[in-house]
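*Asks:* Each chain, written out:
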Amino acid sequence: MSGGEAVIEARGLVKRFGDFEAVKNVDFRIERGESFGFLGPNGAGKSSTMRMIGCVSPASGGDLRIFGLDPMEHGSRIRARMGVVPQQDNLDSELTVLENLVVYGRYFDIPRADCKKRAAELLDFVQLTDRANSRVEPLSGGMKRRVTIARSLINRPELLLLDEPTTGLDPQARHILWDRLYRLKQQGVTLVLTTHYMDEAEQLCDRLVVMDGGRIVAEGSPRQLIEEHSSREVLELRFSAGTNSDQAAVLAGLGDRQEVLPDRVLIYAVDGEDVLGEVHRRGVPHESALVRRSSLEDVFLRLTGRSLVE
Amino acid sequence: MTTLPAVRVWEYYATILRRTWKTEVVLGLLQPLVFLLGMGLGVGSLVNSRQSSVDALGGVPYVAFLAPGLLATTAMIVGSFESTYPVMAGFKWQGFFEAMAATRLSPMQIVRGLFLWLATRIGIFVAGVVVVLALFPDTRSWGLVLAVPAAVLCGLSFAAVIAAYAAVCEYDASFNYVQRFIITPLFLFGGAFYPIESLPVGLRPIAWVTPLWHGVELCRGFSLHTMGFVTALGHLAVIVAYIAVGIVMCRRLFIRRLYR
Numbered sequence: 001m002s003g004g005e006a007v008i009e010a011r012g013l014v015k016r017f018g019d020f021e022a023v024k025n026v027d028f029r030i031e032r033g034e035s036f037g038f039l040g041p042n043g044a045g046k047s048s049t050m051r052m053i054g055c056v057s058p059a060s061g062g063d064l065r066i067f068g069l070d071p072m073e074h075g076s077r078i079r080a081r082m083g084v085v086p087q088q089d090n091l092d093s094e095l096t097v098l099e100n101l102v103v104y105g106r107y108f109d110i111p112r113a114d115c116k117k118r119a120a121e122l123l124d125f126v127q128l129t130d131r132a133n134s135r136v137e138p139l140s141g142g143m144k145r146r147v148t149i150a151r152s153l154i155n156r157p158e159l160l161l162l163d164e165p166t167t168g169l170d171p172q173a174r175h176i177l178w179d180r181l182y183r184l185k186q187q188g189v190t191l192v193l194t195t196h197y198m199d200e201a202e203q204l205c206d207r208l209v210v211m212d213g214g215r216i217v218a219e220g221s222p223r224q225l226i227e228e229h230s231s232r233e234v235l236e237l238r239f240s241a242g243t244n245s246d247q248a249a250v251l252a253g254l255g256d257r258q259e260v261l262p263d264r265v266l267i268y269a270v271d272g273e274d275v276l277g278e279v280h281r282r283g284v285p286h287e288s289a290l291v292r293r294s295s296l297e298d299v300f301l302r303l304t305g306r307s308l309v310e
Numbered sequence: 311m312t313t314l315p316a317v318r319v320w321e322y323y324a325t326i327l328r329r330t331w332k333t334e335v336v337l338g339l340l341q342p343l344v345f346l347l348g349m350g351l352g353v354g355s356l357v358n359s360r361q362s363s364v365d366a367l368g369g370v371p372y373v374a375f376l377a378p379g380l381l382a383t384t385a386m387i388v389g390s391f392e393s394t395y396p397v398m399a400g401f402k403w404q405g406f407f408e409a410m411a412a413t414r415l416s417p418m419q420i421v422r423g424l425f426l427w428l429a430t431r432i433g434i435f436v437a438g439v440v441v442v443l444a445l446f447p448d449t450r451s452w453g454l455v456l457a458v459p460a461a462v463l464c465g466l467s468f469a470a471v472i473a474a475y476a477a478v479c480e481y482d483a484s485f486n487y488v489q490r491f492i493i494t495p496l497f498l499f500g501g502a503f504y505p506i507e508s509l510p511v512g513l514r515p516i517a518w519v520t521p522l523w524h525g526v527e528l529c530r531g532f533s534l535h536t537m538g539f540v541t542a543l544g545h546l547a548v549i550v551a552y553i554a555v556g557i558v559m560c561r562r563l564f565i566r567r568l569y570r
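Quick note, the sequences are listed as chains A and B, same order. Take 1 as the starting number for the first sequence in this note's numbering and just add one per residue. Take 311 as the starting number for the second sequence in this note's numbering and just add one per residue.
Incorrect hints may appear among the rest.
[Said to hold, decoys possible] Straight-line alpha carbon distances no greater than 20 Å define the calculated SDA-like cross-link-like pairs of lysine to any residue that follow:
| # | chain 1 | residue 1 | chain 2 | residue 2 |
| --- | --- | --- | --- | --- |
| 1 | B | Lys-332 | A | Arg-135 |
| 2 | B | Lys-402 | B | Leu-513 |
| 3 | B | Lys-402 | A | Phe-67 |
| 4 | B | Lys-332 | A | Glu-94 |
Everything labelled a hint here was simulated from the structure, so no lab data went into it.
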């Protein structure tokens, strides 16, 4: 990539659990101020990679540097400059929102008075000031996630790691989170996130890698990846249940490429309407048709040969 | 201005305690009071009426003999409980150890903080027993001042080793073994309710090689003013050895659990 300052640099990174190789020889480089995503299905090796970056999982092979330092040797120094939003919220449900933030700030040896001041600012930032003194337990999933994000910022990190930040949240909660993360990026915080949501990766990431089975199968900006691995538009056709593969003969030759999914057939083309016209001319009976822009999901289908679940 | 890492971990627990201390104080006072009254009055009236029994206890009323045993067993029970479910919660249910590991704290600093907390927790309940013992002339003694740290160390020796065990357990059902095969037998055979000399010779080693009896002997020796310096050191050495082994094990096993 370009010559900016590397915050994270991995070469030939490997993670093994017994006989199972979760991360297989991956290389990546993340620059200061960048928003970088690891995209992939469950079990792709995203979380294992994130835990290695978080200095809580020793690499089984290869080289990993964060701020130019070795994560297992200088873990404490690195973590002091980093914020972590784990996949599962590990807030203390018995404590209040404010207490959660203050206690966490103390782990970084930030004086108590400063912790309280910063916590108040951060709760304002995640729009939870009115819940400061309520316990965490009864909060909604989206609110808990925002508390976790506020907590991860208490040490004013230069680098923020987010492992599936919006999994399980409703659309409204996701949009609030995306907005807050975008503001952090504007403040110059380097964001590294994992996701299996295509729209999230397109919204948040300057650059991303697609992981599958422990390997990186593609790398680039969302736009680049779509241009390289997909066509401009996609025509989605739905047929009556169980008859998708029977349509192969009548659809032959349409578009650049076709993908038969369990519930629909995708036809990749420069002009989707054009292909739809041809489908009508051939008199193919279908239940519904939709022309849309190509997305990262299509890239993923192309690269891994299967659709993303969840 | 920096604070010791272990103290900062301890602050987390203290924040929770600030919420729950009222109930704990009531429990911490009520339980020893009920126990002392029940055993001291009930069993005591039987024992005290028989001269040979009183001699076997060193010429003191049964309740005075029992009281220091109550200090040590309370410490053991609190220590062994606090190092099981609450430790597993830190790894599994609540994940507060994981949360700590993501910050500047190292696993060893987390272990030290946990130990500091366990000592505090045991200390609170031991202090509760002391307050109750100070209420009655037969159990009141200046020696209790020394018995408190002895009991806390005794409780910590259990907590240290059991916390290491909890760090490798995946399911809380494993803790039933600790309760049934270690804590309950020691409670009965550790010399808290009768001198272990009353036991058959073959059973006495159970007391010798485990920390409870040493804790009971220390507490009893201090509160009845019968403890010699060298004997005290000997008992203390066994207890400290258990704590040291526990710390070394916890260090290794916490690293293994937190840095997977």
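*Asks:* Each hint: holds or not?
*Replies:* Evaluation of the provided hints:
| no. | hint | verdict |
| --- | --- | --- |
| 1 | B:Lys-332 x A:Arg-135 | holds, 19 Å |
| 2 | B:Lys-402 x B:Leu-513 | violated, 38 Å |
| 3 | B:Lys-402 x A:Phe-67 | violated, 31 Å |
| 4 | B:Lys-332 x A:Glu-94 | holds, 16 Å |
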